[in-house]
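Enquirer: Given the coordinates of chain G, assemble chain D onto it according to the supplied hints.
Here is how the chains run, residue by residue.
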Amino acid sequence: DIQMTQSPSSLSASVGDRVTITCRATQGISNYLAWFQQKPGKAPKSLIYAASTLQSGVPSKFSGSGSGTDFTLTISTLQPEDFATYYCQQYNSYPITFGQGTRLEIK
Amino acid sequence: QVQLVESGGGVVQPGGSLRLSCAASGFTFSNYGMHWVRQAPGKGLEWVAFLRYDGRDESYADSVKGRCTISRDNSKNTLYLQMNSLTAEDTAVYYCAKDPSWESGFFDYWGQGTLVTVSS
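Line by line, the protein sequences give chains G and D.
For any residue, its number in the working numbering is found by taking its place in the first sequence, counting from 1, and adding 76.
For any residue, its number in the working numbering is found by taking its place in the second sequence, counting from 1, and adding 1.
It should be emphasised that the hints constitute simulated quantities derived from the structure, not laboratory data.
Be careful, since some hints might not be right.
Keeping only pairs whose Cα atoms sit at most 30 Å apart, straight-line, the calculated DSS-like set for lysine-lysine is [what the hints assert, rightly or not]:
#, chain 1, residue 1, chain 2, residue 2
1, G, Lys-137, D, Lys-77
2, D, Lys-44, G, Lys-118
3, D, Lys-44, G, Lys-115
4, G, Lys-183, D, Lys-66
5, G, Lys-115, G, Lys-137
6, D, Lys-77, G, Lys-183
7, G, Lys-118, D, Lys-66
Pairwise CB distance ranges (calculated) [what the hints assert, rightly or not]:
#, chain 1, residue 1, chain 2, residue 2, range
8, G, Gly-133, D, Trp-103, 19 to 27 Å
9, D, Gln-14, G, Ile-182, 39 to 47 Å
10, G, Thr-129, D, Gln-14, 40 to 48 Å
11, G, Gly-117, D, Ser-18, 25 to 33 Å
12, D, Ser-86, G, Pro-156, 24 to 32 Å
13, D, Gln-14, G, Ser-106, 26 to 34 Å
14, G, Val-134, D, Ser-121, 37 to 45 Å
15, D, Asp-58, G, Gly-117, 42 to 50 Å
16, D, Arg-68, G, Asn-168, 19 to 27 Å
17, D, Ser-105, G, Ser-86, 26 to 34 Å
If we take Cβ atoms under 8 Å as the criterion, some of the chain G residues that face chain D in the derived model are [as the list claims (entries may be wrong)]:
#, residue
18, Ser-122
19, Tyr-125
20, Phe-159
21, Ala-160
22, Pro-171
23, Phe-174
Built from N, CA and C at the ideal position, the CB exists for glycine as well.
Okay, chain G solo, but in the shape it has when bound (with noise of 0.2 Å):
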């Protein structure tokens, strides 16, 4: 199975800043990979696929990066609704996979 490891594992973080999680894979997965936000007692929400492509109605302020093992998900100037958890996924093979998720809060 392909393992993906998120890091940091929490982030604290001001309004307005910009942060970058980074998601490795245990093995190439080419671009294969989904970046998900889910806040406390919600459903997640799909915000990037293909490494690098927005879903459909997220803003631009996301962005994705990375191909083969290294990926990163950027989220530009932070506002109140960002802070979350971000997982990233892996789809290149299954069993399909997911970081341990990344906690994003305000500092």
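Expert: This is chain D only, laid out in the frame that chain G set:
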């Protein structure tokens, strides 16, 4: 708009069974693959199972293989997850999620989830 509404969760004793349902609307259900993803309390996301649009290809996580069966009724726009031999480790919120094609492997829409609690 796309809507996915899960139901069927509840409290079940260890060793028991449960069938979850996911009612889909707002898209042509029979054209898309569907997934189940779960989240144990306070934990991360775990993919559970996938079923192709026509029901002819399915995949399962090792943690549920042999105990769970994913199925669909395209005439009713409904996805199912039959879960047997449940243990405490199956306690989680179960989400159904839509694949953006017949078998891409990622998710564009999620339901709100249904809670399964395995406890005596």
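Enquirer: Evaluate each hint against the coordinates.
Expert: A quick look at each hint next to the structure:
1. G:Lys-137 to D:Lys-77: violated (39 Å)
2. D:Lys-44 to G:Lys-118: holds (13 Å)
3. D:Lys-44 to G:Lys-115: Since the Cα atoms of D:Lys-44 and G:Lys-115 sit roughly 13 Å apart, the hinted pair holds (cutoff 30 Å).
4. G:Lys-183 to D:Lys-66: violated (42 Å)
5. G:Lys-115 to G:Lys-137: Satisfied, since the Cα-Cα distance of roughly 18 Å is no more than 30 Å.
6. D:Lys-77 to G:Lys-183: violated (48 Å)
7. G:Lys-118 to D:Lys-66: holds (27 Å)
8. G:Gly-133 to D:Trp-103: 19 to 27 Å: Distance hint for G:Gly-133, D:Trp-103 holds at roughly 23 Å.
9. D:Gln-14 to G:Ile-182: 39 to 47 Å: About 41 Å separates the Cβ atoms of D:Gln-14 and G:Ile-182, which means 39 to 47 Å holds.
10. G:Thr-129 to D:Gln-14: 40 to 48 Å: Holds, since G:Thr-129 and D:Gln-14 (Cβ atoms, about 45 Å apart) stay within the stated range.
11. G:Gly-117 to D:Ser-18: 25 to 33 Å: holds (27 Å)
12. D:Ser-86 to G:Pro-156: 24 to 32 Å: With Cβ atoms ~44 Å apart, the hint is violated.
13. D:Gln-14 to G:Ser-106: 26 to 34 Å: Because 44 Å falls outside the window, the suggested range is violated.
14. G:Val-134 to D:Ser-121: 37 to 45 Å: holds (43 Å)
15. D:Asp-58 to G:Gly-117: 42 to 50 Å: violated (33 Å)
16. D:Arg-68 to G:Asn-168: 19 to 27 Å: holds (26 Å)
17. D:Ser-105 to G:Ser-86: 26 to 34 Å: holds (30 Å)
18. Ser-122: With a minimum Cβ separation of about 5 Å from chain D (threshold 8 Å), the hint on G:Ser-122 holds.
19. Tyr-125: At 5 Å from the nearest chain D Cβ, G:Tyr-125 passes the 8 Å test, so the hint holds.
20. Phe-159: violated (18 Å)
21. Ala-160: With a closest approach of 13 Å, the G:Ala-160 hint is violated.
22. Pro-171: holds (5 Å)
23. Phe-174: holds (5 Å)
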